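Novice: Going down the list, the protein sequences come from chains A and S. Under our numbering, the first residue of the first sequence is numbered 1, with each subsequent residue one higher. Under our numbering, the first residue of the second sequence is numbered 1, with each subsequent residue one higher.
These are computed hints drawn from the structure, not numbers from a lab. Model, not experiment: these values are computed from the prediction. Hints should not be assumed to be uniformly reliable.
[Stated by the list, open to error] Some chain S residues flagged as far from chain A (calculated, every beta-carbon gap over 12 Å):
# : residue
1 : 46
2 : 69
3 : 86
4 : 146
[Unchecked claim] Label pairs and their calculated CB-CB ranges:
#  : chain 1 : residue 1 : chain 2 : residue 2 : range
5  : A       : 69        : S       : 38        : 52 to 60 Å
6  : S       : 81        : A       : 65        : 47 to 55 Å
7  : A       : 27        : S       : 81        : 26 to 34 Å
8  : A       : 25        : S       : 186       : 36 to 44 Å
9  : S       : 105       : A       : 62        : 39 to 47 Å
10 : S       : 141       : A       : 54        : 33 to 41 Å
11 : S       : 103       : A       : 58        : 28 to 36 Å
12 : S       : 106       : A       : 9         : 15 to 23 Å
Built from N, CA and C at the ideal position, the CB exists for glycine as well.
Residues per chain, in single letters:
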Amino acid sequence: MTDPTDFEKRTREVLDEGADRLDGRTRSRLTQARYAALAQLEQPARHWWRGFVPAGAAAAVAVLAVILWSPKPPGQPAAAVDDMELLADADAPDFVDDGEDLEFYEWAAGEVET
Amino acid sequence: MTAFVTLAGVYSTPVLSSVLGSERSRDQGLMTTSRALDQFLSSVEKRAFKIAQLGLRNDDDALDAVQDAMMKLVQSYAARPVDEWRPLFYRILANRIRDMQRRRTVRGRIMAWLPARDSEDDEEFDAIAQAPSQDAGPAKRIELDEAIGVLETAVAELPPRQQQAFLLRNFEGLDVSETASAMGCSEGSVKTHYFRALESLRSRLGEVF
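The shape of chain S in the complex, shown without the other chains:
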């Protein structure tokens, strides 16, 4: 009993209760940040993947780039205001895509000297990969499939800066200033790249769209 009274006295001291209080508020802050980040990342992950996929033309590389961007955002910028996350995230992703493109160019030069290897043999059946995605009617689906294929091919063939400006402005919905921040260039450059991308796509897809 004496021990209980003594401990109760210690726990009720202002210093300890303030330490416990600050610990609790730190945990609550962490939980709030974690929830906000989860919400943010799940809101951008699919489009981020498509942007990386169009830039890299490889699903695995695109997934790696998106994962790296997520890791970096959480690691370095979680404490920044929420409205800064989007341009920051796309800036990190853009840098990652550019690094991978450069590395691939170097690797391509090296691999050109080596004998070709058939990668089809390595493919294994993956039940998750074969899972059907959200579906429309068959005719609509075919029409959309075709439109998606044509547009994605055209976007993938745009020069990198035009592609980036088009995807960030039109697909991700960033405004000019956010796009400039994500691309690391001036707002004027964003407008120029975006305008050229639109012109190029319109001249190529005008009849289809």
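Okay, chain A solo, but in the shape it has when bound:
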């Protein structure tokens, strides 16, 4: 780089002088701006996927709501749910452990049908 000419030096001095003469309000606002920028360093890093968490939660709630409150098809009045409850209940009779009982229930069911 060539040495700056007198004109360049003079213009730089004058511009520097202008920058040094900033009023109190401007200096104070520049300091505030600097502190605000630096405060970002102390905040924990945000991961991109965190922005989707509320939307995902809302979607899950909506799906659950649709499943729970949707009208049941006619002819299937909560049978599946009742069976599940029966099988999950520890106090319910044991249908599968005893082979004899199972045969008895099959025979009883046949009698009822005839």
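Chain A is already provided as a structure; the job is to place chain S on it using the hints.
Specialist: Coordinates of chain S only, in the frame set by chain A:
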């Protein structure tokens, strides 16, 4: 006592002490970066404000532009090497100034259709704004005031690219390659813009300077 012995044993495990150690070194790294950024930003903030002020001719807009550039630098480029911060910061600032100039052009077109409003009535007395700045003697001060006013007016009236090249090269002291990086153009373009800016200012201010 038993609990203390048990905890002391846990805290002295190599895994935990390495986790605590890495946490501590992360904090130290953060502090070093924060201090370096603080130093860098305080070294450029006044000149950055003057550059934005000359480009935008409005103090509040200039302050907003500088603040945005500071935020963006810290947010996105704090981890970059320190010697890259200056051109990056001025590139962000230049983009911000250009965006604001464009927005103002659009706003000006819209406002031209609305009745004028006297903004002087909204001005309130601000003690900080009225605080005296660093002072020279009265005669010297008047002479400098005049020189500053004349030069800043002339610089503000330069075409934007010439103004940018002149301020970054002469005022901020960036070299040609850093200026090219900040302006997003070739080094040849920087030289051309700078030369034209100097010619224009010399022909206008030759007698004063």
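Novice: Please confirm whether residue 69 of chain S is truly not at the interface, meaning its C-beta sits more than 12 Å away from all C-beta atoms of chain A.
Specialist: It is violated; residue 69 of chain S is separated from chain A by about 9 Å at its closest Cβ, not greater than 12 Å.
Novice: So the hint says 47 to 55 Å: do the beta-carbon atoms of residue 81 of chain S and residue 65 of chain A match that?
Specialist: Distance hint for residue 81 of chain S, residue 65 of chain A holds at roughly 52 Å.
Novice: Using the C-beta atoms of residue 106 of chain S and residue 9 of chain A, is the stated range 15 to 23 Å upheld?
Specialist: The hinted range 15 to 23 Å is violated for residue 106 of chain S and residue 9 of chain A, with Cβ atoms some 40 Å apart.
Novice: Within 28 to 36 Å or not, the Cβ separation of residue 103 of chain S and residue 58 of chain A?
Specialist: Cβ of residue 103 of chain S to Cβ of residue 58 of chain A: about 35 Å, so the range 28 to 36 Å holds.
Novice: Run the C-beta distances from residue 146 of chain S to all of chain A and say if the shortest one exceeds 12 Å.
Specialist: About 10 Å separates residue 146 of chain S from the closest Cβ of chain A, which leaves it inside 12 Å; violated.
Novice: Given a hinted range of 52 to 60 Å, is it respected by the beta-carbon distance of residue 69 of chain A and residue 38 of chain S?
Specialist: Since residue 69 of chain A and residue 38 of chain S have Cβ atoms about 57 Å apart, the given range 52 to 60 Å holds.
Novice: Grab the minimum beta-carbon distance between residue 86 of chain S and chain A and tell me whether it stays above 12 Å.
Specialist: 15 Å, holds
Novice: Take a look at whether the Cβ-Cβ distance between residue 25 of chain A and residue 186 of chain S falls inside 36 to 44 Å.
Specialist: 39 Å, holds
Novice: Does the hinted range 39 to 47 Å hold for residue 105 of chain S and residue 62 of chain A at CB?
Specialist: 45 Å, holds
Novice: Mind checking the hinted window 33 to 41 Å against the Cβ distance between residue 141 of chain S and residue 54 of chain A?
Specialist: Taking Cβ atoms as reference, residue 141 of chain S and residue 54 of chain A lie about 58 Å apart, which means the hint is violated.
Novice: Measuring from beta carbon to beta carbon, are residue 27 of chain A and residue 81 of chain S in 26 to 34 Å?
Specialist: 29 Å, holds
Novice: Residue 46 of chain S: least C-beta distance to chain A exceeds 12 Å?
Specialist: Non-interface label fails for residue 46 of chain S: nearest chain A Cβ at 4 Å, not farther than 12 Å.
Violated hints, in rising order: 1, 2, 4, 10, 12; the structure is consistent with all others.
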